[in-house]
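What follows is each chain in one-letter form.
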Amino acid sequence: MDFNKESQMSCSWYAQIENRLLQLLWHLIHVTIDLCYFPLGIADVLESYLISWGLLGRYKSFNVTKLRYLAIVVDSEEVYRTSKIIKLLQWLEAVGIKHVCLYDNEGVLKKSKDFILEKLDGTILFWDAHENDVLSDRQHMTLEFVSFSDGKEAVVKAANVLFMKYSKSGATDQNQKDKIFTESQMSNTLITVGSGGPKPDLLLVYGPARCHLGFPAWRIPYTEIVHMGPLKSMNYGSLVKAIYKFTMVQPNYGKLFFDLHCCVCKH
Amino acid sequence: MLSLRFAIPTANTFIPTKTKPKPGLVVQSGWNQTDLLSSLPRRCESYKLQAATADLTDGRGASVAELPEGLSRELMPKHVAVIMDGNGRWARQKGLPASAGHEAGVKSLREMVELCGQWGIQVLTVFAFSTENWIRPKVEVDFLLSLFERALKTEMESFRKSGIRISIIGDSSKLPTSLLGLINEVEETTKNNTRLQLIVAVSYSGKYDVVQACRSIAERAKDGQIQLEDINESLIEQELETNCTEYPYPDLLIRTSGELRVSNFLLWQLAYTELFFAQELWPDFGKEEFVEALSSYQQRQRRYGGRHS
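Taken in sequence, the protein lines are chains A and X. When we follow full-length UniProt numbering, the leftmost residue of the first sequence carries the number 1, and every step to the right adds one. When we follow full-length UniProt numbering, the leftmost residue of the second sequence carries the number 1, and every step to the right adds one.
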């Protein structure tokens, strides 16, 4: 019996040694792989700076016409960095982006819109451009300002319009309900209540969290979403790289975007 | 891919796939990087599991595996959503028919379900088939639905025994009758399970979900259950298809295959969800990739913009 007990203890001891050795080997491999990826991370950062300095040819000038509508989401805690936001918009204008939608959850950017427009020569509000039928005017960049109230709250407003329509119709049959409550009816009603802007092709998120923070979801079913990191660390190279990568993508999704010239919303 | 230990800004959301050898990295002949990384950790962890699983149980008495290094149980997301993209591309890369890609995708899903159950994730929602997918070739659509039906039949007993509750969301009007019957049976059989809730979105889209919620509310208003002036965000949320779970808002969304879109999935519910876009195709998305996504989630400073609805 003592022999059996000793034998079991030896086996357990050997198993523990083997386990420790494997763990050590695993950690060594882990560190090796990390050291290999570290230069890749550094290369990524370096590339951003090279782009900023204009030293990489392919990023110096590329076709941005594919990017018809760009959205920028700014985290609530960084939304007061107005000078950064203005600089970002100036970079976008320099790259050739013509239509930008700015979003923050609390609507701070909406309140600052006059100040922002003042700082950017020739920039006009998207809806003003639409009303005056100058959307295709390549001279000016347009800006749209949205907040949380244009998202879920707008869907609730649109839903209420549809509910009123349904109750006024006096109809009780399923067919009538199916005709009123449809995706296209919802889309049209969102335009009516003033939250029917174009669907962005690309959405850049500036903030610590990689989420869109309540951007009107009805507008982004097929939007490319890229997390850019904190606004305070923004750099021109990363911005250009994100836009360039978008222009190189060949997505195979369905109906892409809301035709800027077919908008029927009147403000 | 292993999680990075150095403080490198993660502004670039592209995560390089670990299946391609990197320049300068020495790879043993006969092994590729995937083999090297996949074999050792499992063996190492299997020793830990043998020592640990017998003693670890969650509050419901089910056995709980020890977490991989770097993950914290307290920071584990309660609800993970997955867009399982890339089955077709995976099959094309290997010169196989699309059906083989989807079969491989089912295996990946099985592994993920198992891991979620072990690691204390309460809800896993997977985007199996979208309303847009109906335009795919009929042969592929029929195969996908039959694959789903087969998987449900095969796994029903396993779900029941392992404490997994199954819920199916989406527009069921286009689904075959046989599948509808099976869905009802599986949901009924597993409705009292509490270890993990697996929500499978079939013939689903985020816009459809919002519209059907509005239809339900209209019905209730017509019946006099609610007044039109009572209709608000909360009421819409109650009528969304994700009302089948205690945690309707995903904490983490994973999309595979390198695409950076949510593709009309859970549009209302994703406002504050951490988005993780993985380069790997879904059949190649395994435990290590899942650990990386969870690590990224746990390391992120997450705030909710002052609002969480």
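Be careful, since some hints might not be right.
Among the chain X residues that face chain A by a calculated CB cut under 10 Å, a handful are [to be verified]:
| hint | residue |
| --- | --- |
| 1 | Arg73 |
| 2 | Glu74 |
| 3 | Met76 |
| 4 | Phe159 |
| 5 | Lys222 |
| 6 | Glu229 |
| 7 | Glu237 |
| 8 | Cys244 |
Calculated from the structure, these hints are not laboratory results. A virtual CB, placed ideally from N, CA and C, is assigned to each residue, including glycine.
Quiz prompt | Hints breached by this structure | solution = 1, 2, 3, 4 and 8
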